[in-house]
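A.B. asks: Sequence:
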Amino acid sequence: MSEFDTGLPSVRQIQKYIKDKQKVVIQLATAETITGQVLWQDSQCLCLSDESNQSLLIWRHALIYIKPTS
1 MSEFDTGLPS VRQIQKYIKD KQKVVIQLAT AETITGQVLW QDSQCLCLSD
51 ESNQSLLIWR HALIYIKPTS
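Per full-length UniProt numbering, the sequence shown starts with residue 1, numbered consecutively.
Keep in mind the hints are simulated off the structure, nothing from the lab.
Among the hints, a few may not be true.
No more than 16 Å apart at the CA atoms, straight line, and that leaves these computed lysine to aspartate or glutamate pairs for EDC-like [claimed, not checked]:
1) Lys67 to Asp5
2) Lys67 to Glu32
3) Lys21 to Asp50
4) Lys16 to Glu51
5) Lys23 to Glu51
6) Lys23 to Asp50
7) Lys19 to Glu3
8) Lys21 to Glu51
9) Lys19 to Glu32
Between beta-carbon pairs, the in silico distance windows are [stated by the list, open to error]:
10) Asp5 to Ala31: 25 to 31 Å
11) Gln22 to Asp42: 14 to 20 Å
12) Leu57 to Gln22: 28 to 34 Å
Given the structure is predicted, the values throughout are model-derived calculations rather than measurements.
Heads up, the beta-carbon is just placed ideally off N, CA and C, and yes, glycines get one too.
From just these sequences and the hints, can you work out the full model?
C.D. replies: As C-alpha cells, this is what we get:
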C-alpha cells in the first residue's frame with residue numbers, strides 16, 4: 001500500500017475543496033460525470049456526497065478530473 005503524501009499539490013487542492021465544502025464535478029474514466037461534495041480522501045479513494053446525498057466511494061485510478069463548479 002502506498003503512503004498518503006499530504007504534501008502533493010493534488011492532495012492539498014482536494015483538501016481545500018473538503019475544507020471549503022466546495023461543490024465539484026468529477027469525471028470518471030467511464031465518461032460518467034458526477035457532481036457533489038468531497039467528504040474525505042485517502043491514498044486509494046475519495047468519498048463524494050452526490051446531489052441526492054448518497055455517499056459514493058470513488059477509486060483514484062478511475063478519476064479523469066475534478067473541478068469546482070461555477
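A.B. asks: Failing hints, ascending?
C.D. replies: Hint check: 1, 4, 7, 9 and 12 fail, others pass.
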